[in-house]
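Enquirer: Sequence:
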Amino acid sequence: MAAAATTCCRRSAPAALLAVAALLCTTTTGGSAAGAGQPLDVGYYNKTCPAAEEIVRNETAAAVRESPDLAAALLRLHYHDCFVQGCDASVLLDSTPTNTAEKDAMPNGSLRGFDLVARVKDRLERACPATVSCADILALMARDAVALSKGPSWSVGLGRRDGRTSSAGSCGELPPLHGDVNLLVQAFAAKGLDVKDLVVLSGAHTLGKAHCPSYADRLYPSAGCSTADPALDARYADRLRLRCASANNADDDSSSNSTSELDPGSCVTFDTSYYRHVARRRGLLRSDAYLLDHRFTRAYVLQAASGRYDGHFFHDFAVSMAKMASIGVLTGDQGEIRTKCNVVN
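Numbered by mature numbering (1 follows the signal peptide of the UniProt record, and there is no 0), the letters in the sequence shown go through residues -33 to -1, 1 to 312 in order.
Rather than coming from a laboratory, the hints here were simulated on the basis of the structure. All values reported here derive from a predicted model rather than from experimental measurement. Don't take every hint at face value.
[Unchecked claim] No farther apart than 20 Å at their CA atoms in a straight line, the calculated lysine to any residue pairs in the SDA-like style are these:
1) Lys117 x Ser34
2) Lys117 x Arg265
3) Lys163 x Arg86
4) Lys163 x Ile22
5) Lys307 x Ala85
6) Lys14 x Arg90
7) Lys307 x Leu150
8) Lys307 x Thr132
9) Lys117 x Phe281
10) Lys117 x Lys14
11) Lys307 x Ala18
12) Lys163 x Ser240
13) Lys117 x Pro35
14) Lys14 x Thr98
15) Lys307 x Pro35
16) Lys117 x Ala18
17) Lys307 x Leu78
18) Lys117 x Ser240
19) Lys307 x Thr98
20) Lys163 x Val286
21) Lys307 x Glu92
22) Lys117 x Asp36
23) Lys163 x Ser273
Given the sequences, and given the hints that come with them, work out the whole structure.
Expert: Quick look at the structure:
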């Protein structure tokens, strides 16, 4: 009976994936990884804009020093861009009178960092007009945000071009709000990511916070379930209830503005403590808890939680982020180089 209750409660509620830092994810297989044009190149701007990476890094560093929690926001922004029609900066485009863009879709309502992207783009336009794409800016800023948070750094292949379309309806490409670990694995596979990428990129939850509505349903009985989520440590749940009055009121201003750290005590430092929380059944989101339901992801969580494999995780995260940054990119003569990231040329 207990097992049946667990299944009922955990399948019926949403699984927010990489919600705030978030999280993050892939190189697509075959030709879609780098579009139909030329491959990405680490030295792409060496001749046309040699200061590009330095400009991005300096602006990102200044912003993260002032607001350390911005690192998680930049990571999440890149993730939400790549999972919806590829890494083409479509998430940055504004809505128009005839079109609702991705940034105004419900899953993207809490995205942040747009002003910083605009500031970086302005600096780059002054240094190298119409040269550096907004899609490349997002990839570089995500890498730098992790490194500035004491995480790994990695070489970023460059040469992405910017898309000309953005639709709120396309946000259905994001991993499902409802589903168990198998559905999450399938959602990642659809983007060319494997189960290892899923558990590794979930480690992005070592940064950032989540708003109450994204986890409140785990704290109280819900339709078809007589108890709160039994996969959540009871003492941890008690502490979380102090921040979320009830699941029914989770959308009230007082609750929706309340946040909890995804990695309590370490939410602005990139490390493996997130996995220790998950191993103790203290993962904040359902997607965190689901990592214990799959043989491979569970084994990875327990290994990372031991504290003896931090270097392995850092390496794995860099590899998976490089894969994610290659999803469905536009290169060559595809797309355009926007002069302002929020509007097409």
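Enquirer: Each hint: holds or not?
Expert: Okay, the hints, checked on the actual structure:
1. For the hint linking Lys117 to Ser34, the alpha-carbon distance of about 15 Å falls within 20 Å, and the restraint holds.
2. Distance hint between Lys117 and Arg265 is unfulfilled; the C-alpha atoms sit about 25 Å from each other, more than 20 Å.
3. For the hint pairing Lys163 with Arg86, the CA-to-CA distance comes to about 35 Å; that exceeds 20 Å, so the pair is violated.
4. Under the criterion of a C-alpha separation no larger than 20 Å, the hint pairing Lys163 with Ile22 is inconsistent with the structure, at around 33 Å.
5. For a cut-off of 20 Å, the pair hint linking Lys307 to Ala85 stands: about 7 Å separates their Cα positions.
6. Taking the CA atoms of Lys14 and Arg90, the gap is near 18 Å; set against the 20 Å cutoff, the hint holds.
7. A distance of roughly 37 Å separates the Cα atoms of Lys307 and Leu150; the hinted pair therefore is violated under the 20 Å criterion.
8. Distance restraint check for Lys307 and Thr132: the Cα-Cα separation of roughly 14 Å lies within the 20 Å cut-off, and the hinted pair is therefore satisfied.
9. For the proposed pair Lys117 and Phe281, the alpha carbon gap of about 10 Å is at most 20 Å, so the pair holds.
10. Note on Lys117 and Lys14: the hinted pairing is violated, with a Cα-Cα distance of about 30 Å set against a maximum of 20 Å.
11. Straight-line distance between C-alpha atoms of Lys307 and Ala18 comes to about 19 Å, which keeps the hinted pair within the 20 Å bound.
12. As the CA atoms of Lys163 and Ser240 are separated by approximately 18 Å, the hinted pair is consistent with the 20 Å bound.
13. Using a Cα cut-off of 20 Å, the hinted pair Lys117 and Pro35 holds, with the two alpha carbons roughly 11 Å apart.
14. For the hint linking Lys14 to Thr98, the alpha-carbon distance of about 11 Å falls within 20 Å, and the restraint holds.
15. For the proposed pair Lys307 and Pro35, the alpha carbon gap of about 26 Å is over 20 Å, so the pair is violated.
16. Restraint check for Lys117 and Ala18: not satisfied, since their Cα atoms lie roughly 23 Å apart, outside the 20 Å limit.
17. At most 20 Å may separate the alpha-carbon atoms for a hinted pair to count; Lys307 and Leu78 meet this at roughly 19 Å.
18. Taking the CA atoms of Lys117 and Ser240, the gap is about 13 Å. The hint holds against a cut of 20 Å.
19. About 12 Å separates the Cα atoms of Lys307 and Thr98, which keeps this hinted pair within 20 Å; it holds.
20. Proximity of Lys163 to Val286 is assessed by CA-CA distance (about 11 Å); at most 20 Å being required, the pair is judged to hold.
21. Annotation: proposed proximity of Lys307 to Glu92 holds, straight-line Cα distance about 9 Å (limit 20 Å).
22. About 13 Å separates the Cα atoms of Lys117 and Asp36, which keeps this hinted pair within 20 Å; it holds.
23. As the CA atoms of Lys163 and Ser273 are separated by approximately 18 Å, the hinted pair is consistent with the 20 Å bound.
Checked against the numbered hints above, the structure breaks hints 2, 3, 4, 7, 10, 15, 16 and satisfies the rest.
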